[in-house]
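**Student:** From first to last, the protein sequence lines are chains Z and L. FYI, in our numbering the residues of the first sequence are 7 to 86. FYI, in our numbering the residues of the second sequence are 546 to 913.
Do not take every clue at face value.
[Unchecked claim] Which bits of chain L does chain Z cover? Going by a derived footprint, with three or more residues having C-beta under 8 Å, they are: (1) 557-571; (2) 673-684; (3) 756-764; (4) 829-836; (5) 864-873.
For the record, the hints were derived by calculation from the structure and aren't laboratory data. Built from N, CA and C at the ideal position, the CB exists for glycine as well.
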Amino acid sequence: MAEHIVVLVITGVALFAKHATRLRQSNRREKWILISFGVPILYLSCMFATNNHWVNLHDLANQSIGRIAHFLVEWLKQHP
Amino acid sequence: MNTVEKETIDARQLAILYVSFMTGSSIVYIPNPMIHFAGNMAWLSMIVSTLMGFLLLGCVLYLARCYPDATYTGYMNQIYGRWISSVFIILLILMLYLMLSYIVLGIGNFFVNTMMIETPEYVFNALTIITAAYTVHAGIEVMGRMFFLLVTSMLAFVILIVCLAVPIARTEPLLPLFYEGVKPILHGVYFSFGFPFAELFLFSVIIPFVRRENRHHVGKWMYAMTALSGFFLLIVVIITITTLGPLAGDRKFSLYAVARLIRIGHFMIGIEAIVGISLIVGSFMKATIVLFILNHITSRFFRLSDDRILLPVISLIAFLLSVTMFETESEFVFSVDEVWPFITMTIGIGPLVLAAIITLIKRKIRRN
């Protein structure tokens, strides 16, 4: 868990370091947009830090459009 | 400070970005599943996919000609109206998150499976995303100039491997033809068209960055680069079948596996390490281009004046997705081999092809 948190912090710092001034100078609307992105970041960070496997983006894709894809591929696999 | 107004590239730089995008990760990951699905007829699937790629490119270029002043989100708004286009763009953004995290995950997967098996995968994912984010921050002009060197070295190593593998290649594995009928070939087409040929629609986001005086060369360059990418992928598929034989469909990272077989005398062995690095460069270039497109579309969607303000957040989400998505490798294989091609064909090219048809009909009605 500790190593995951360390990697997460280092990655975050490396990514945000160059944009710190830009983020500080952003207007109110931009700040709200940035905060809204905090929700998926928080959810995924908890998943990564605790090493749990909760619902993720690929699950949504696989459970919706993936079912049709699977059906199509199964049909393509049926050959003598 | 929108990038389209500020930064421009010429048609040749677009061609460099395009060929890095098309051959980038696919040259490493395509041969093995292709041969697994289509057997020794994988080469035919590749040819069909390339031809379909030409048709799709025709649609992309047609829309670029009809809306020369608009960005991708701009002309989607014009064609579908704001609400419908917003739905398509949200789906596209989600698709791009998936795509970026799959590419990043692929790089980590390659390292962990071949060269650095004891290092945790998230280390490679983090390094890839950080480097890609800094490259995108530098801008599309820098990417266009930098990728020339990287893509040249990557393709040079691919040519070198193919040439060195020719002496150990046998033609017998290419026969018999159509042994299991047409369905395996269609399966190969389904996979190889979805990845990478259907993905070329994303270049409708980058075409508006080309300087106005260079625009008339875009079509010529993009058709040529589609043919070149198809040719390279075809060569790699054929050399994999002919060198690895019946094992070709089961060996992961086929080109790397082919490079491991090459021995010239007692002095030229172990060249797979150089090949591995150059192949990873390909995936890195593709990840960077996808991150650029994702950042651009998201900024346009939120109508932000500063195109780079969301870059760190988007990169961090992509990194987190890449490290949290799959518990087992079979899940990843299922998502990439079965679901991903369908996603690109529906969420990706569906709205674009429909937009081209609507534009064509509208223009015909107006003319009449």
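**Student:** If you count the residues of the segment 673-684 of chain L with a beta-carbon closer than 8 Å to a beta-carbon of chain Z, do you get 3 or more?
**Tutor:** holds (count 5)
**Student:** Do three or more residues of the segment 829-836 of chain L come closer than 8 Å to chain Z, measuring C-beta to C-beta?
**Tutor:** Three-residue rule not met by the segment 829-836 of chain L, so violated; n is 0.
**Student:** Per the coverage rule (Cβ-Cβ under 8 Å, at least three residues), is the segment 864-873 of chain L covered by chain Z?
**Tutor:** holds (count 8)
**Student:** Count the residues of the segment 557-571 of chain L whose Cβ falls closer than 8 Å to any Cβ of chain Z, and tell me whether that reaches three.
**Tutor:** Violated - the segment 557-571 of chain L has 0 residues with a Cβ nearer than 8 Å to chain Z, which falls short of three.
**Student:** With a Cβ-Cβ cutoff of 8 Å, does the segment 756-764 of chain L contain at least three residues near chain Z?
**Tutor:** As far as the segment 756-764 of chain L goes, the hint is violated, because 0 residues have Cβ atoms under 8 Å from chain Z.
Checked against the numbered hints given earlier, this structure breaks hints 1, 3 and 4; the rest are met.
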